[in-house]
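> Each chain is listed here by its residues.
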Amino acid sequence: MRTSLGATTGRAARRLLSSAPALIGVLVFTFLLMRVLPGDPAVFFASGPNAGQAEIEAVRKQMGLDRPIPEQLLRYLGDVGTGQLGRSMTTGQPVMKDLRERLPASLELTFAALLIALTLSIPLGILAALRPGSAVDHGVRLLCSLGVCVPTFVSGLLLIYVFYYLLGFAPDPTGRLDVFAAAPPGITGFLLIDFALTGDWEGWRAAAAQLVLPAVTMALFVIAPLARITRASMLAVLGSDFIRTARSLGLSRTQIVVTYALRNAILPVLTIAGIVFSTMLGANVLVEKVFSWPGVASYALDALLSSDYAPVQGFVLLMAVIFVAVNLVVDLLYGLADPRVSIS
Amino acid sequence: MRTLAVTAPSRAMLGHLAWVLRRNPLTALASAGALALCLVALFSPWLTPYDPIASDVPIALQPPSAAHWAGTDQLGRDLLSRIIAATRLDLAIALSAVGLSFVVGAVIGSFCGYAGGKLDRAVGRLVDVLMAFPLFVLAMAMVAALGNRVENIVVATAIINLPFYIRFARAEVNIRRDLGWVEAARAGGESHASVVLRYLLPNILPAMAVQISLNLGWAILNAAGLSFIGLGVRPPTPEWGILVAEGARFITTGKWWLVAFPGLALMLSVLCFNLMGDGLRDILDPRQRT
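Chains F and B are the protein sequences, given in the same order.
First residue of the first sequence? That's 1 in my numbering, and the numbers climb one at a time after it.
First residue of the second sequence? That's 1 in my numbering, and the numbers climb one at a time after it.
Wrong hints could be hidden among the right ones.
[Unchecked claim] Derived pair list, reagent style SDA-like, types lysine to any residue, alpha-carbon separation capped at 20 Å:
#1 B:Lys-118 - F:Ala-20
#2 B:Lys-118 - F:Pro-21
#3 F:Lys-97 - F:Ala-310
#4 B:Lys-118 - F:Leu-17
#5 B:Lys-118 - F:Ser-19
#6 B:Lys-118 - B:His-192
#7 B:Lys-118 - F:Ala-310
#8 F:Lys-97 - F:Ile-322
#9 B:Lys-118 - F:Ala-22
Because the hints were derived from the structure by calculation, they are not lab data.
Required output: the full structure, derived from the provided sequences and hints.
Here you go:
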């Protein structure tokens with residue numbers, strides 16, 4: 001046990017090290033992003049568009065923009081290292097603070113969507129794999145083909161039309177909470193968890209109702225790859241020798257499928273789930289816009305459209321960090337799902 | 001073009017094609033749909049029943065009717081005309097982006113796969129990292145950096161497609177580099193560059209055609225997504241993503257057609273290219289069927 005734990009930690013450390021170049025690459029990319037962006041930051045930061053030349057020069061000196069580019073890059077790396085991501089001009093706050101305030105909203109949405117997608121796609125994939133060529137199989141395939149074709153911003157809007165306008169089940173599709181509802185004390189920032197912790201189930205239900213439509217919208221888009229890989233992986237495992245042996249020994253169907261087959265088939269699903277998570281971080285931009293969700297993606301988008309670049313830089317950096325973290329988690333889950341991985 | 005000569009001739013291949021299309025009417029339908037889309041894009045100025053940018057405010061926001069099959073928008077413009085007019089721009093963006101990344105990616109990937117060694121491993125690693133990164137975010141940032149113009153949507157979409165082609169070409173060339181006929185070309189005095197460009201690249205083209213078709217759908221979704229969030233194409237230019245974005249303002253008051261019809265156009269075009277790609281794969285490599 002101890003050795004396997006040690007091996008897992010070692011693997012995680014190696015993985016973290018090997019992602020360092022990627023992170024540095026992103027850092028340099030975001031830095032260059034700021035350098036090549038149209039417009040002169042010094043002019044932006046000066047008091048106004050008609051600020052005097054002297055004032056602009058002063059701001060440029062103060063921001064270090066008169067230094068050579070490599071020195072600026074080092075400076076930037078230092079700033080990021082100490083958690084300074086600059087200041088947003090639209091909100092007037094440090095980008096770090098803005099991102100921290102808004103990250104829970106995005107993560108709550110993404111996790112909820114991933115949960116919905118997994119609970120739908122894994123059973124669907126298994127059903128399709130158990131009866132290849134059956135009506136269920138064809139149905140799942142049709143669903144997958146259609147699912148990847150509908151852009152999230154269209155499916156989200158159509159869901160709003162059906163469940164808000166026509167049926168009236170869903171609340172007003174703007175934000176995480178009704179404007180008049182009381183927000184829970186910010187413990188974790190995840191509304192569902194905070195409401196549960198304070199025992200406010202009325203509020204919990206309201207927050208969940210706001211969350212359902214955007215989460216389903218995002219889930220619909222990623223069910224296809226997850227169901228497809230579950231089906232393929234299950235098909236391969238179900239055809240293997242040890243399943244035949246288990247069958248001939250007379251084990252129950254549930255035991256064969258869930259205990260033996262699924263456990264062996266889950267590795268590729270995990271890999272795809274990691275990729276899917278990262279796709280969803282990107283899709284967040286669209287879904288958050290459709291549902292006016294106050295997350296990091298809509299924050300970056302608003303900043304981008306008003307030529308406020310510090311938040312965009314911070315956002316891209318944040319995405320890179322999350323993405324490395326997700327890969328690490330997938331790696332660790334690998335070891336849990338298949339101990340052989342940690343030995344090799 | 002000698003590249004086409006690889007896929008075009010052989011009677012057996014045509015026979016197989018006919019067989020696959022008969023066996024799989026869905027592929028035939030999808031290919032017909034893709035062809036129809038291209039035709040609509042080519043002839044869109046002659047197909048629109050109304051002027052796509054002429055507003056007629058008295059008939060604003062009308063649901064679908066016999067005169068306006070897809071209804072009218074907030075300025076009374078005919079939605080169907082706008083959707084048809086948008087086809088050209090959307091397909092042009094997707095085709096040029098995929099074409100660009102295909103050419104660049106195939107060449108880089110082929111040379112890496114042929115050369116092998118340290119550089120190849122480094123490129124492979126880079127591609128793996130890039131592929132797992134939230135690509136839409138990357139595209140967003142690039143459009144912001146390069147400037148909010150249509151050409152930059154094409155460039156950004158091409159760059160986020162690049163890793164797929166590099167990886168694919170690299171793998172395909174890698175398994176062929178030591179085959180007899182490649183050996184023979186080298187022995188015949190061809191330079192390495194010529195072996196890659198004149199022998200290996202044409203040989204992997206059919207397999208890459210599948211990738212192109214599958215990628216077209218993805219490129220359309222990405223480009224539409226970018227213009228939906230306000231990057232790239234600007235209103236009043238008709239473009240599917242913008243049409244949906246404009247309709248989004250009226251969805252909570254029940255004006256469904258403003259979102260549903262442009263959405264349907266997007267969905268159908270992506271569906272056509274995806275199904276065609278799947279079908280192409282069946283024709284070129286029946287073993288890979290899933």
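> With reference to the structure, classify each hint as holding or not holding.
We went through each hint and held it up to the structure:
1. B:Lys-118 - F:Ala-20: The given pair, whose Cα atoms are some 19 Å apart, holds under the 20 Å limit.
2. B:Lys-118 - F:Pro-21: holds (16 Å)
3. F:Lys-97 - F:Ala-310: holds (12 Å)
4. B:Lys-118 - F:Leu-17: holds (19 Å)
5. B:Lys-118 - F:Ser-19: holds (18 Å)
6. B:Lys-118 - B:His-192: holds (18 Å)
7. B:Lys-118 - F:Ala-310: Between B:Lys-118 and F:Ala-310 the Cα gap is close to 36 Å, so the pair fails against 20 Å, i.e. violated.
8. F:Lys-97 - F:Ile-322: holds (17 Å)
9. B:Lys-118 - F:Ala-22: Within the cut-off at roughly 18 Å; holds.
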